[in-house]
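The listed protein sequences correspond, in order, to chains A and B. For the first sequence, position 93 (counting from the first letter as 1) is numbered 93 according to full-length UniProt numbering, and the numbering increases by one without interruption. For the second sequence, position 172 (counting from the first letter as 1) is numbered 172 according to full-length UniProt numbering, and the numbering increases by one without interruption.
These are computed hints drawn from the structure, not numbers from a lab. The reader is advised that the hints may include incorrect statements.
Straight-line Cα separation of at most 30 Å, DSS-like style, residue types lysine-lysine; simulated pairs [what the hints assert, rightly or not]:
#	chain 1	residue 1	chain 2	residue 2
1	A	Lys197	B	Lys96
2	A	Lys197	B	Lys152
3	A	Lys103	A	Lys140
4	A	Lys197	B	Lys344
5	B	Lys344	A	Lys193
6	B	Lys344	B	Lys156
7	A	Lys140	B	Lys156
8	B	Lys96	B	Lys152
9	B	Lys96	A	Lys193
10	B	Lys93	A	Lys193
11	A	Lys193	B	Lys19
12	B	Lys19	A	Lys197
Please read all numbers here as calculations on a predicted model, not as lab measurements.
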Amino acid sequence: MPELDDPIPISALQHAVFCIRQAALIHIERLWEENRFTAEGRVLHEAAHDPSRRTRGLVRRVTALPLACRRLNLSGTADLVEFRREAPGGPETPFPVEYKRGKPKLHRADEVQLCAQAFCLEEMTNRSVTEGALFYGGTKRRVVVPFDVELRRLTEETARAFGSLLAAGETPPAVYKHDRCRACSLIDVCRPKATTKTAAGFLHRAVEETLLRDASEAP
Amino acid sequence: MKKLLNTLYVTTEGASLRKDGENLVAEVESAERARVPFHMLTSLVVFGGIFISPPLIQALAQLGITIVLLDRAGRFQARVEGPVSGNVLLRRKQYKVAEQPDEIVRSFVTAKIANQRLVLQRALRDYGSDMPPDRRERVEQVVDRQAAILRKVAFKTRGLDTLRGAEGEAALGYFSVFGDLIRSPDAAVCFRGRSRRPPLDPVNAVLSFLYTLLTHECRSAAEGVGLDPAVGFLHRDRPGRPSLALDLMEELRPIFADRLALSLINRRQLRAGDFEFQDSGAVLLNDDGRRTVLTAWQERKKEERRHPFLEEVAPLGLVPHLQALLLARHLRGDLDAYPPWIWK
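Isolated chain A, as found in the complex:
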């Protein structure tokens, strides 16, 4: 398969669903603050990314599988893909499984990342991929994700929106949202509250203050 030109990392789509600025800070600005959550996630992934194959019955399991999708200019690595057969010797259907720390989320970031893997697998294997699963370290359970029209649309939109930011090298401005920003490992480099202030105004006020202060302190 020919190499893609500046592909979008599949893992970036998950950040882009959560917050497009976060995705830009990580993938365009190359800022990455590791906190406890991401460190735990990394350890989980290192375990999952030991490339190996194993076949049990009708299921062939491949870990750390490189993926790409030319249509959406995506590339990345799947934690685990199960190639499942209905019957011995029959055709294989890919079933991607992504490992996540914690619990299922209220937003669809993890599902979008998984769906992007499905797009890659469909293009690469010419088989339709109708579902996959998210395995959550916190609950130690698989959640099956159907790749329905709605999820496919959201994934494509996210890929296109983030792709054009990536191509232009732009970082969108911060929008402060209490719940989301508090959980973000990049809050200290993003500074969503500071970037809404005027720094020019700050400098003026600071100088005026320091000049005024000695007027009031003078005997």
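Knowing the structure of chain A, use the given hints to seat chain B on it.
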């Protein structure tokens, strides 16, 4: 808040440093003297003849922990760094703005003068009544003059040369009375105007040493946020000079270095015996003196203050990093100007 990690300073001649698992171990005459886990470190600074094992060099470089080699007097020798990180788009913007740097230079110079003035004002407030009247008057005159320069620089001046000129004028006035702030009864511990390369009196020796430490912090801060430390705004490019680190330093010098030098000398933590007076007239800190300054420096970095722009409490040691970050965010278009650090 980003963690304030340590810089490890090793000053003992003949010490040897090696890697043990995920730790840095310092030995003197085969006896273990210190053990620091890598995850507590941002950089390692060594003075003079100190052995660093190759596996340690490799491990530190890989983890992005910078190694800086200084000679015994604290002069820069070399730096060992892992793969350069950073953001090419940010650097391109930095180079572009460096062609038209007036507004950023205005921020640096404004804060530098404001902070110099605050050092003088604080001295007047704390011990102005003990000063002989003529000395006190000299300092007061400079404080007034600084106010006029500050107003001009912050609100009126246009053009890079004028800004640089104002900075020079302010520095000249400031250092003309800096000696009046020295209260040590020790006649040998004096200040005879700013001198460097080499410093010609003990106060200059302390200032130069502190500026070296601060340069190192500012350079690491610039690199840490992906900026090119060699391309400055106030300082013109010169091969081998960390111009951006020197720029970032300007606003911090008065409080981080000058004020610390004053308190070490005025509290008599540094005395004539802490200096080496050489035949050429050069004055350097000796081993004991350096150790005293380094201890005070490390303590000062832990002190917490409210950041004037970010409005959150941060240890002083993080301020160079926060300022580099704010500069990077300004260059990338998040902030309409660079908000410098002004002491309160």
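Hint-by-hint comparison with the structure:
1. Proximity of Lys197/A to Lys96/B is assessed by CA-CA distance (about 24 Å); at most 30 Å being required, the pair is judged to hold.
2. Restraint check for Lys197/A and Lys152/B: satisfied, since their Cα atoms lie roughly 24 Å apart, inside the 30 Å limit.
3. Restraint check for Lys103/A and Lys140/A: satisfied, since their Cα atoms lie roughly 9 Å apart, inside the 30 Å limit.
4. With a C-alpha separation of about 20 Å, the suggested pair Lys197/A and Lys344/B falls inside the 30 Å cut-off, and the hint holds.
5. With a C-alpha separation of about 22 Å, the suggested pairing of Lys344/B with Lys193/A holds against the 30 Å cut-off.
6. About 23 Å separates the Cα atoms of Lys344/B and Lys156/B, which keeps this hinted pair within 30 Å; it holds.
7. With a CA separation close to 64 Å, the supplied pair Lys140/A and Lys156/B exceeds the 30 Å bound.
8. Between the alpha carbons of Lys96/B and Lys152/B the distance comes to roughly 26 Å, so the proposed pair stays at or under 30 Å and holds.
9. Straight-line distance between C-alpha atoms of Lys96/B and Lys193/A comes to about 27 Å, which keeps the hinted pair within the 30 Å bound.
10. Between Lys93/B and Lys193/A the CA atoms are separated by roughly 23 Å; this keeps the pair inside 30 Å, and the hint holds.
11. Simply put, Lys193/A and Lys19/B have alpha-carbon atoms about 42 Å apart, too far for the 30 Å limit, and the pair is violated.
12. Straight-line distance between C-alpha atoms of Lys19/B and Lys197/A comes to about 46 Å, which puts the hinted pair past the 30 Å bound.
In summary, the structure is inconsistent with hints 7, 11 and 12 from the numbered list given earlier, while agreeing with the others.
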